[in-house]
Amino acid sequence: MSNVFVLTEHRRGQIRDITFEMLTKGRELAEKLNGKLTALILGNNIKAQAKTLTEHAEEVLLIENPQLENFNSDAYQQVLSNLIQQFKPYLTLIGHTSYGVELAPRLSVSLKLPLATDCIGLKLENDQLTITRQVFGGKVNVDATFNEAEGYIATVRQAAFPQEETEVKGEIKEIPSPLLKEGERKRWIEYRLPPPGEVDITASDILVGVGRGIKDEGELPAIEELAKVLRGVLACSRPIVDKGWLPNDRQVGSSGKTVKPKLYIALGISGAFQHILGMKESDLIIAVNKDPNAPIFSAADYGIVDDLFKIVPALKQKISEMKA
Amino acid sequence: MDIIVCVKHVPETAEAELKIAADGKTMESIGLVFDVNEWDDYALEEAVQIKERLGGTVTAITVGSDAADSTLRKCLARGANHSIRITDSKIENSDGYAVAKILHSAIMNLPYDIVFTGAQAGDDGYSIVGPALAELLDVPHATMVKKIQIDGSSVKVNRELEGGLEEVLEVKLPALLTIQTGINEPRYVSIMGIRKAMKKEIKILALSDINLDEEEVGESGSWIKVEKMYLPPVEKQAELLKGSPEEVSAKIAEILKAQGLI
Ligand SMILES: Cc1cc2nc3c(=O)[nH]c(=O)nc-3n(C[C@H](O)[C@H](O)[C@H](O)COP(=O)(O)OP(=O)(O)OC[C@H]3O[C@@H](n4cnc5c(N)ncnc54)[C@H](O)[C@@H]3O)c2cc1C
Chain L
10 MSNVFVLTEH
20 RRGQIRDITF
30 EMLTKGRELA
40 EKLNGKLTAL
50 ILGNNIKAQA
60 KTLTEHAEEV
70 LLIENPQLEN
80 FNSDAYQQVL
90 SNLIQQFKPY
100 LTLIGHTSYG
110 VELAPRLSVS
120 LKLPLATDCI
130 GLKLENDQLT
140 ITRQVFGGKV
150 NVDATFNEAE
160 GYIATVRQAA
170 FPQEETEVKG
180 EIKEIPSPLL
190 KEGERKRWIE
200 YRLPPPGEVD
210 ITASDILVGV
220 GRGIKDEGEL
230 PAIEELAKVL
240 RGVLACSRPI
250 VDKGWLPNDR
260 QVGSSGKTVK
270 PKLYIALGIS
280 GAFQHILGMK
290 ESDLIIAVNK
300 DPNAPIFSAA
310 DYGIVDDLFK
320 IVPALKQKIS
330 EMKA
Chain B
54 MDIIVCVKHV
64 PETAEAELKI
74 AADGKTMESI
84 GLVFDVNEWD
94 DYALEEAVQI
104 KERLGGTVTA
114 ITVGSDAADS
124 TLRKCLARGA
134 NHSIRITDSK
144 IENSDGYAVA
154 KILHSAIMNL
164 PYDIVFTGAQ
174 AGDDGYSIVG
184 PALAELLDVP
194 HATMVKKIQI
204 DGSSVKVNRE
214 LEGGLEEVLE
224 VKLPALLTIQ
234 TGINEPRYVS
244 IMGIRKAMKK
254 EIKILALSDI
264 NLDEEEVGES
274 GSWIKVEKMY
284 LPPVEKQAEL
294 LKGSPEEVSA
304 KIAEILKAQG
314 LI
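Sequence lines, in order, name chains L and B. Per the numbering used here, the very first residue in the first sequence carries number 10; after that it's consecutive. Per the numbering used here, the very first residue in the second sequence carries number 54; after that it's consecutive.
Calculated from the structure, these hints are not laboratory results. We treat Cβ as the ideally placed atom computed from N, Cα and C, and that holds for glycine. Keep in mind that a hint or two might mislead.
[Said to hold, decoys possible] Stretches of chain B that chain L covers, calculated by requiring three or more beta carbons in the stretch to come under 8 Å of a beta carbon on chain L:
hint: 1; segment: 115–129
hint: 2; segment: 210–218
hint: 3; segment: 274–283
[Claimed, not checked] Derived DSBU-like pairs: lysine-lysine, alpha-carbon spacing no greater than 35 Å straight-line:
hint: 4; chain 1: B; residue 1: Lys-199; chain 2: L; residue 2: Lys-299
hint: 5; chain 1: L; residue 1: Lys-195; chain 2: B; residue 2: Lys-225
hint: 6; chain 1: B; residue 1: Lys-253; chain 2: B; residue 2: Lys-104
hint: 7; chain 1: L; residue 1: Lys-252; chain 2: L; residue 2: Lys-195
hint: 8; chain 1: B; residue 1: Lys-253; chain 2: L; residue 2: Lys-269
hint: 9; chain 1: L; residue 1: Lys-224; chain 2: B; residue 2: Lys-104
Turn these sequences into a full structure, and let the hints guide you.
Below is the structure:
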């Protein structure tokens, strides 16, 4: 009842970063609980990955089955239900990712264990677990507690916690898979890679990113001119792609590209964490937003609180003058 | 195809100034403009397009106070045939799980082939209602769907993964799908269209109508309980450049020059 489970997220043989972030946080919580940190890994032919996890957790539970070759939330749910009912961890951590979002709510309902999603903070004080999450596009934080139960489940935001190295030498325990015949309700078929785009924004040293603040597709040429004067390339937030104003090879963020240019200028982008994930490693970030409380200002090095339509022409002019 | 679309009436907050209410646990809603949740817009459009291709009905359903009627009217104007709103003072402070239970009690006796929800709500961002509702309804599900092909008794869907990657799944009907933005182009609704929709019925249900116990909703029926709402602590803040557009532009140009970027 005082152990912490971390579900390993892996795709195409690669353990994803969120796993190590959760293991770091999980270790801290397990120590406070005087419990054990256990990494769970479900898959097929994944002994090498399980071995990697022994450097991060005292115990690694390995469950292999051909049905677990690719992520299928139905199969994962069956296996996890069994493990959680058998070992009764205090807390199970799952990534708030495309996999975790598919899996966690259903698992929680079926096990009758409360779930908190998209956590950016997990704190134990006097045996009370408090989670922190964000609402309203990251403009407000919420601290919340769980309604009392035998155990809890939380999904964790990507890059919310750091990864730390440890000296742990854990042990692998193989657990026979409880899966019987293949489920019929949901079948995994294949991956679809994004079509190669015309422009590779990851190759550009200078990116000018536009967001929903531009309001109208007709504003794009003016922004593109600024990008040109800077010898940079136009990039954007997701809504611009969703509206069909720019192709998806221009999208920066968790479901788009991860970019690391020397300069990223964010124009009318609020700074949702999915966007920040894709550009926070840029060397220099300048943000223009008329809302002084926009989260983008805590990711940027320099900020201008103003109307982007006033700044863009003035900036274009200044840079042209300077180059002349 | 009979399709049920779960929608939520949410405040637009990207550009709004937000104030925490005096209780420190909720948001001041005065001055906020509410509209259909962005993800639900795409879900409703997808449902209407399927109906236009294959026939059937679309029912929009929401949990909320009478202010949410404007969101249902928009759905009706866009092509929903029916609309339902579940309301009760006890519903306040319900999290995604409690809302899923309410929707389940209302939907379980309705005929449907597919239930749609948005992949998340833009206000509380739980991403819980869809898959939790699927478990309660005991139907298979897929989340963050970017493409749907219906063939007979099943659907093939493309789910969005990270970094632009997608995966294709086959899901047996009836099923629940949560819709990701960008799957289609939500149609424009004219004021006229909304006015016409004013004449359509919105069916209003209370908890007693759907036989759901008060204990199952609100704080007691939720997984989590909000203790405190606050503005995010500032860990790092950009250096703000002040002055006229010309002045700040000159400052930026200097910074870029100093860094060898011009
Ligand atoms: C699973 C998932 C994956 C996602 N992946 C991505 C992703 O890869 N990339 C991504 O970007 N998003 C992604 N999103 C969406 C993300 O959550 C946000 O909705 C999105 O980033 C918001 O884009 P925005 O900042 O352009 O728009 P908004 O949040 O609407 O912000 C617009 C901003 O413009 C400002 N503004 C308005 N007018 C002006 C003006 N005249 N001058 C100056 N400022 C102005 C406003 O103050 C506001 O801050 C994802 C969401 C989900 C659920």
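Going through the hints against the structure:
Closer than 8 Å: that is the beta-carbon criterion, and the segment 115–129 of chain B has 0 residues meeting it against chain L, so the requirement of 3 is violated. Under the rule that three or more residues need a Cβ within less than 8 Å of chain L, the assignment of the segment 210–218 of chain B holds, with 8 such residues. Restraint check on the segment 274–283 of chain B versus chain L: 9 residues with Cβ-Cβ distances below 8 Å, three needed, restraint holds. The hinted pair formed by Lys-199 (chain B) and Lys-299 (chain L) meets the criterion: a straight-line CA distance of about 32 Å does not exceed 35 Å.
Simply put, Lys-195 (chain L) and Lys-225 (chain B) have alpha-carbon atoms about 7 Å apart, close enough for the 35 Å limit, and the pair holds. The hinted pair formed by Lys-253 (chain B) and Lys-104 (chain B) meets the criterion: a straight-line CA distance of about 18 Å does not exceed 35 Å. Among the hinted pairs, Lys-252 (chain L) with Lys-195 (chain L) is consistent with the structure: their alpha-carbon atoms are about 30 Å apart, no more than 35 Å. Distance restraint check for Lys-253 (chain B) and Lys-269 (chain L): the Cα-Cα separation of roughly 52 Å exceeds the 35 Å cut-off, and the hinted pair is therefore not satisfied.
A distance of roughly 31 Å separates the Cα atoms of Lys-224 (chain L) and Lys-104 (chain B); the hinted pair therefore holds under the 35 Å criterion.
Going down the numbered hints, you'll see the structure goes against 1 and 8, while the others check out.
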